[in-house]
Amino acid sequence: MESRAVGASVARVDGVAKVTGRARYLDDLDAAGVWHGMTVRSQIAHGVLEGIDRDPSFDWSRVVVVTAEDIPGKNVITLIEDDQPALVPVGGEVRHVDEPIALVAAPTRALAYAARAAIRPRIRPLPNVFTIDDALSARVKLHGDDNVFKKFSIRKGHARDEEIEAALAGCAHVIDSVYRTSAQEQMYIEPQAMMASWIGDACHVTGSMQCPYYVHKAMKPLLDLHAEQAIITQTVTGGGFGGKEEYPSMIAAHCALLARKAHAPVKIVYDRDEDIAATTKRHPAVIHHRLGIDREGNLVVAAIDVVMDGGAYATLSAVVLSRGVLHAAGPYKCPMVKIVGRVVATNHPPHGAFRGFGAPQTTFAYERQIEKAAKRVGAPPLAYRRKHALREGDTTATGQTLTYSVGTDAVLDALEQVAGPKPAKTGTSASGAPVRRGRGVCFYFHGAGFTGSGEQRLAGRATVALTRDGRFEVRASSTDIGQGAITIFTQLAADALGVSPSLVEVVDPSTDRVPDSGPTVASRTCMVVGGLVEQASRALRGRISAWGREFGRANESIASLAHDVAADLGPLEETVQYQPPPGIAWDDETYTGSAYPVFGWAACLVDVTIDLDTYEVAVDRCVQAVDVGKAINPTIVRGQIDGGTLQALGWALLENVVYKDGKVANANMTNCIVPTFADAPELETIIVECPYPFGPHGAKGVGEIPMDGPAAAVANAVGDALGLDFDTIPITPEMIATRMRRS
Amino acid sequence: MKIELIINGETRSADADPWKRLLDFVREDLRLTGTKEGCGEGECGACTVLLDGEPVNSCLVAAGQCAHRRVTTVEGLARGELLHAVQRALVARGGAQCGICTPGIAVCAAHLVDEGLVSGDRARDRVRELLAGNICRCTGYQLIVDAVIEAAAEVSK
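Sequence lines, in order, name chains A and B.
Each residue of the first sequence is one higher than the one before, counting from 1 in our numbering.
Each residue of the second sequence is one higher than the one before, counting from 744 in our numbering.
These aren't lab readings, by the way, just hints derived from the structure by calculation.
There's no promise every hint is true.
Which stretches of chain B does chain A cover? Using the computed rule of at least three CB atoms under 8 Å from a CB of chain A, they are [unchecked claim]:
no.	stretch
1	751–763
2	808–819
3	851–865
4	876–882
Computed from a predicted model, the values in this text were never measured in an experiment.
Backbone N, C-alpha and C define an ideal beta-carbon position, used for all residues, glycine too.
Construct all of the structure, not just a fragment, from the sequences and the given hints.
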């Protein structure tokens, strides 16, 4: 049957509920007798917790207080390393400001606030580590002997260090620069929100989250539960961007502990200041990139050193760093590459998942380097990129030979077609100020799905079922966090089954109803889990068709057979588990091989105007041509690219998390700003489709890629306008003013 | 104190502290949970409602100030099942993603469209200026602007 829903911009399944206010987020749910939970946090960054003092004048009989002593199982938030406690125990080490020390719950929010204020942790301070340099010096040891949580090395060309240095020394030009990128707040508009209740010996957790099975995995050891005693359900989630990947496990733990002691359901909804101060952000990074090129501009050798600030606990830092280093050499032909990546421990709140997951940091560095290389040999920026970019048959830094779905020329062509002439370099603003204008471009790629053999290890599963009433259910643990997962799954299932989308329902992700499809991260939901949904749908359709043939009804549609099949055979279901595409081999020991089954490709153009009185940068144009393989729903894909693009423009120019003595100094939306309607340019988004042979209808990842590139394009544009190199972001008016005065 | 107001055209009252935030009064006492809290400090606009026809951040308004005044929340935009033109366009154009900012944006945009504030040559710029108090982190704003322009064209017909 020909495809009907796939490729069409069908309206979001949850659209009407969201525009009418009927969609129920966690804080909107009615729960009889729900108590309000609050978190008592450390106010210093590093020390020993000597005691937790309670104000004796407060009436403690009306509230419950939970400390580490109330934890029935292991005091740890299970993730990769088991190093982060749910609550710091007395005698234990406080490792960052705003670390959870104790919990309170009360029947009203006001009483819970009052109880929280009546508890004071007593902490004996220890020396702090707040910078990457201090961490590397290891004068204060937070983790092992060297404060390095994780280190990766990638070598292409089997070159030893001496050979790399000799190759650099022999190059006609060496571009040697250090790049710095700042922490970035996800700033989902729905703050973190979670609720827990106990029914018998089972703990039910519902809330705003990306990964129900991550929470499930964390609850079992903490609460000493069997798998079926922890039931985790996602509610409608008001944005995530990575910020609701790992941190919800912490809040779920807190709710569950409070509910257990209060014998009542407990919800915790973070205030905005608490959310910004305490939860994860994008890792700040320092990248020293040395690129050697020959007289013609050919890339000869790259030596790249990446260091990220992991914060106080390991959380997801190792995998963020992995993705960062795997993208650090960029989509360019270069025979000799050395990449070393380290993520270090500091006394900042842990940094964690945020759209792009390490790749935006290293992409910023390599696309500034390529810009400088082009300039050094006098080549036009886009032509230089086109000349040296990877194509089919070329190999990446990990030695992965690209054999399909390389969108290099398609995205560069698309960008060039609409680029138009560069704006005039000088002029006057509407208010009469002198201005400078500039243009910047960049070209980049992003690996879709889990790194290396990650997808095989995850072995994600999805189920499609025929229900008793002749309808169809998609069961997957992938969550819709605004990116459109349930709509995409509906489209894929409907077409694979050969029925109308109105017959398909994607059930709410709950660990007692859906299999573990893997987490909702890594641009994998459509490409990987969507593929499973499609395969399961086809298998189910096969069984229904077979029944039709058996009963002489081979000419009837699936929809008309479904009811009778369900009546005859009862509900049916098909579950499919992920199988890697052929030819994918990855070696975790040497970090060589197929880092990703496929890459998305993108090119970006940015025009800026800089007001020479205020040094404000206005983005006049931003064009992104992004190869997504196949747009299952073009409007939804467009929305993903637009949204990621603006987050990247914000990161480049105005978003910054400022730490002072380890504490977020701008923990509110007045000072920790993100772009508004008025800051955003008209976004010119071009969808390019170079199909991935093993993705559903050719689809590959889209969620993260638009975040990677625009920051470099902005820096290149500001550099073009002012004739200065900007290698640190955000490029604030203050930074430009300082540089202009100096020059 | 008993606070009586006209909410979405209907007169309703509830006992509440006059200092209670209008946001909490609407959500907790009137059980209209469409209005969302994003920041509690008047920055994000998720809690936007119309007070006597003008958009306000309901987290910055005391309920006692609203006695006997008209308040419109997102629940008051549709007429039964017939959505407001702005709501229809937001769905059709992809202007809602995670949806948490959407009620505030829908309320504010419906006001702009109904009052004819976003027409003419500079309509797109006007939308961006007048909605600048509503933050969306998902969409990059582009498809919301498209939706509001489309709704404005439909309403002005």
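Results of checking the hints against the structure:
Beta-carbon proximity to chain A at under 8 Å applies to 0 residues in the stretch 751–763 of chain B; the threshold of 3 is not reached and the given coverage is violated. For a cut-off of 8 Å, the count of residues in the stretch 808–819 of chain B with a CB near a CB of chain A stands at 3, and the three-residue condition holds. Only residues whose beta carbon comes within less than 8 Å of a beta carbon in chain A count, and the stretch 851–865 of chain B has 0; fewer than three means the coverage is violated. Coverage of the stretch 876–882 of chain B by chain A holds [criterion: at least 3 residues with CB-CB distance below 8 Å; count 7].
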